[in-house]
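Chains as they are written, first to last, in the UniProt record's numbering: chain A, 1 to 510; chain B, 1 to 510.
Hint data in this document are derived by calculation from the structure and do not stem from the laboratory. Among these hints, one or two may not hold up.
Since the list gives no way to pick out one identical chain from another, each pair is judged satisfied if it fits inside one copy or across any two copies.
[As the list claims (entries may be wrong)] Here are the computed lysine-lysine pairs in the DSS-like style, where the Cα-Cα straight-line distance is at most 30 angstroms:
no.: 1; residue 1: Lys152; residue 2: Lys250
no.: 2; residue 1: Lys9; residue 2: Lys394
no.: 3; residue 1: Lys155; residue 2: Lys250
no.: 4; residue 1: Lys250; residue 2: Lys9
no.: 5; residue 1: Lys14; residue 2: Lys250
no.: 6; residue 1: Lys391; residue 2: Lys461
no.: 7; residue 1: Lys55; residue 2: Lys394
In this text, all values refer to a predicted model and were calculated from it rather than measured experimentally.
2 protein chains.
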Amino acid sequence: MTEHGISIKPLFIKMNDRDNVAVIANDGGLPAGTTLQDGVELTRRIPQGHKVALKDFAEGDAVYRYGEVIGYADREILKGSWVRETMLRMPEPPTLSELQIGGKVEPLVPFEETHTFLGYPNPDGSFGTKNLLGITTSVQCVTGVLEFAVEKIRKELLPNYPNVDDVVAINHAYGCGVAIDGLGSEIPIRTIRNLANHPNFGGEMLIIGLGCEKLTLDRLNAGESESDVLFLQDRSGFSEMVSSIMEMAKQRLERLNRRKRVEAPLSNLTVGLQCGGSDALSGVTANPAVGHAADLLVRAGAAVMFSEVTEVRDGVHLLAKRVVTEEVGQALIREMQWYDAYLSRGLADRSANTTPGNKKGGLSNIVEKSLGSIVKSGSAPIVDVLAPGEKVRKTGLTFAATPAGDFVCGTLQLASGMHIEVFTTGRGTPYNLSIAPVIKVSTRTGLAEQWHDLIDIDAGKIADGKATIEGVGEEIFKAIIDVASGRRETWADHWGIRNDLVLFNPAPIT
Amino acid sequence: MTEHGISIKPLFIKMNDRDNVAVIANDGGLPAGTTLQDGVELTRRIPQGHKVALKDFAEGDAVYRYGEVIGYADREILKGSWVRETMLRMPEPPTLSELQIGGKVEPLVPFEETHTFLGYPNPDGSFGTKNLLGITTSVQCVTGVLEFAVEKIRKELLPNYPNVDDVVAINHAYGCGVAIDGLGSEIPIRTIRNLANHPNFGGEMLIIGLGCEKLTLDRLNAGESESDVLFLQDRSGFSEMVSSIMEMAKQRLERLNRRKRVEAPLSNLTVGLQCGGSDALSGVTANPAVGHAADLLVRAGAAVMFSEVTEVRDGVHLLAKRVVTEEVGQALIREMQWYDAYLSRGLADRSANTTPGNKKGGLSNIVEKSLGSIVKSGSAPIVDVLAPGEKVRKTGLTFAATPAGDFVCGTLQLASGMHIEVFTTGRGTPYNLSIAPVIKVSTRTGLAEQWHDLIDIDAGKIADGKATIEGVGEEIFKAIIDVASGRRETWADHWGIRNDLVLFNPAPIT
Ligand SMILES: [Ca+2]
Ligand SMILES: [Ca+2]
Ligand SMILES: [Ca+2]
Ligand SMILES: [Ca+2]
Ligand SMILES: [Ca+2]
Chain A
1 MTEHGISIKP LFIKMNDRDN VAVIANDGGL PAGTTLQDGV ELTRRIPQGH KVALKDFAEG
61 DAVYRYGEVI GYADREILKG SWVRETMLRM PEPPTLSELQ IGGKVEPLVP FEETHTFLGY
121 PNPDGSFGTK NLLGITTSVQ CVTGVLEFAV EKIRKELLPN YPNVDDVVAI NHAYGCGVAI
181 DGLGSEIPIR TIRNLANHPN FGGEMLIIGL GCEKLTLDRL NAGESESDVL FLQDRSGFSE
241 MVSSIMEMAK QRLERLNRRK RVEAPLSNLT VGLQCGGSDA LSGVTANPAV GHAADLLVRA
301 GAAVMFSEVT EVRDGVHLLA KRVVTEEVGQ ALIREMQWYD AYLSRGLADR SANTTPGNKK
361 GGLSNIVEKS LGSIVKSGSA PIVDVLAPGE KVRKTGLTFA ATPAGDFVCG TLQLASGMHI
421 EVFTTGRGTP YNLSIAPVIK VSTRTGLAEQ WHDLIDIDAG KIADGKATIE GVGEEIFKAI
481 IDVASGRRET WADHWGIRND LVLFNPAPIT
Chain B
1 MTEHGISIKP LFIKMNDRDN VAVIANDGGL PAGTTLQDGV ELTRRIPQGH KVALKDFAEG
61 DAVYRYGEVI GYADREILKG SWVRETMLRM PEPPTLSELQ IGGKVEPLVP FEETHTFLGY
121 PNPDGSFGTK NLLGITTSVQ CVTGVLEFAV EKIRKELLPN YPNVDDVVAI NHAYGCGVAI
181 DGLGSEIPIR TIRNLANHPN FGGEMLIIGL GCEKLTLDRL NAGESESDVL FLQDRSGFSE
241 MVSSIMEMAK QRLERLNRRK RVEAPLSNLT VGLQCGGSDA LSGVTANPAV GHAADLLVRA
301 GAAVMFSEVT EVRDGVHLLA KRVVTEEVGQ ALIREMQWYD AYLSRGLADR SANTTPGNKK
361 GGLSNIVEKS LGSIVKSGSA PIVDVLAPGE KVRKTGLTFA ATPAGDFVCG TLQLASGMHI
421 EVFTTGRGTP YNLSIAPVIK VSTRTGLAEQ WHDLIDIDAG KIADGKATIE GVGEEIFKAI
481 IDVASGRRET WADHWGIRND LVLFNPAPIT
């Protein structure tokens, strides 16, 4: 087939034998009249990432992708047509009380050789992938003073401590003006507590509080000693606040600067997985490649977390079969129920998840998005389920329940102890975290080329047939170890992109 | 009376003839055995800001402060005792359906002379109190890139434009990963829209978006033209994103730099009132002085806003009498009902408002806090009631409904068009906003002395008898005009304290 004189090989992707739609993989889409390898002829131009009907659908017929029902035709759809979101009725989400728990638990074969990375050893036996001075806040009121101090620390102190990567202020909108005993308030409090103890902070703690906030040290319970805390209300004015923070920072920078990376088995590494700005290729290029990398990590003994409740809710029946015990299955159901109730209190439902960008990228609805998102988790058994912000307890694959919004999810994964994150994106987002490195994987080669100085790995080459899922999975696995070891820098860290963390506070503010 | 050889005059404050408790005003409190002027002898040491019983209370007796019931004795309380929060049962909040609307509307006499300030004239006829380059974001995903660009603008461009005060990025956690049609989502959207049009941005608009976010330009509807918007997904990588933002910033800085202050009547000034970190003196020193300043502002033709729903809820019967029409009264009731429902959906109630610091400062409960907070509003009729983030529509006194948390309230008041804020604090908070100057008024001289380089005006001298409520009110009125005119700099602006804005999003996140 040629277009404007250039020969184009029609590429389309079918994930499962049962599928009766396929996704157009060619950059720029394919024009009307194109004949696909199996004889289907396109009735009109279909953009990249969008779906083509592989058969004639009558109204009510089930539409299959990933071997699962992603919707029902709400009209007649002819073979070769562009199948769009408006043509599909969404199926109901799986009923939580009827889920099959377990039954599809096939343990992965551990690698015989020991895999290691170079991490900073911490006093408690854990390891860090960065060497950061972390400054925790117990209330939003201190943010302005702290940001002033952090700028001064970066300029005046940090250059003297070349082994320290950066200083990170854990600023947030919590701590006061909130219903501190309200529904779900344990989530933001646990998140701050666990962030204060992040392994990339080298066992050094520094907490800045105001003095009259609702989030008292008793509630925060971060394990700090008295000398780790500074309350602004105890200081004699702004200049003294800043100089006190500088002094406390200096003591800690001295100690952090003496740290050195050592070889550590991968069982000391916690990897988080997330997607953001998804398109229909997410589920066929980047996410399956990340899924393969997840399997390699599990086989190498690491802990791997996947998250984003609203993006797994519609595929939860697939996850429930993979849990190792009834107890883990019940924890999975508990987290889904909690979120269902949370959304319904706010008169929202799961359909609130998909974005205009998702739809433009070819994702018809949250069901299709879910199925493509779950692929990130690979094929390992699910050994544990965490409530939002809880610390990872086991190596192997864990489902860490979080909202799907990128910064809320990333913040909660950091609280769970994440050392490094793999982030897939189709539409493109310059997402980064300051506390742990983020490896960005694009679903499309077009994005990797356009954002040449932001995307770390291009999984789009899978769609072009230039690479395999396994090949890119291995590339990601290797990049994780290199970045975790400080041998490779992500693009976002190269530029020093710092995003604010965002706490998940399900309780009302006052 | 002497203590440690120093003679101390016992100071205590009774606000209303009906009051049967008084507040100890002496710095450091008063020791046991002290006899107050009216013969009451203290049975034990009472700290500053805390209440003394002026009579013997039987169990169930009403305790009056500000002439209103702040609680009922839950035990016998002897004359001269320290009346603490644990000894009081809270009264029920006023029943909204039974409020008396109007009836206490006494218009203030306008000043004969015209009062003016020096403001930056805007193309739409409004005026600014600062000359800022404002950069709005439509989604949190762009924050990291924008903060990088803003740092570069401050360093490389701003020095060339000496008439421009600063560049302010309106970063927030909204725009995607939220239920964009959820309950109350109009609030954060309206807030961003109105912030983008803040009068201190000189009619210049600049919006940074990602490209696939849920908060589309259609929904945001900020009145921008196409050349005012940059989507990161349209740019070829990080360096180009940053250089494009710099270029758009430069064009606007050129125009902003040509602006000059001109004299404008006070009817062009909108003043916001807020308190944070309150203590029992808030209601007897700083807030009444601010109330007097509010009356002067209203008489001079300005618009004045007070806010903080949970802090007026228990005194709403006092406000309802002051509204100018039945319609304004119904709007007041509507906002109270909305917040009651919002809190109850999250299983919280108004008692969630008071903080440990409030209680340590002598405030027994939200009823007492409310009565002291409402005093800020002075005595003018209430001409209008705004839903959160709506623009001010009238000069005179408006109740702008907001939560009470300092940054959420300040952000919403800015969205309402606030040019300058007066902020009272008893416990002390280094609060500031970047978009409009904040004058900080302390309730205690001790705080003004301790935070000598943060507190702009000390209202504590009222408690010492060294100044009157009216005198400090005039001082505040004058400071508002001087700061609004650029003749006086607040301490927080002197240091350049920049706090992040915090959006009020009552809807769930996804
Ligand atoms: Ca996400
Ligand atoms: Ca990073
Ligand atoms: Ca407040
Ligand atoms: Ca300011
Ligand atoms: Ca910030």
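Structure-based check of each hint:
1. Lys152 x Lys250: both (12 angstroms within a copy, 27 angstroms between copies)
2. Lys9 x Lys394: neither (46 angstroms within a copy, 65 angstroms between copies)
3. Lys155 x Lys250: both (13 angstroms within a copy, 26 angstroms between copies)
4. Lys250 x Lys9: Answer is neither; intra-copy 61 angstroms and inter-copy 46 angstroms both fail.
5. Lys14 x Lys250: Neither way: Lys14 and Lys250 sit 57 angstroms apart in one copy and 49 angstroms across, limit 30 angstroms.
6. Lys391 x Lys461: neither (35 angstroms within a copy, 51 angstroms between copies)
7. Lys55 x Lys394: So Lys55 and Lys394 fail the 30 angstroms test inside a copy (45 angstroms) and across (63 angstroms) alike.
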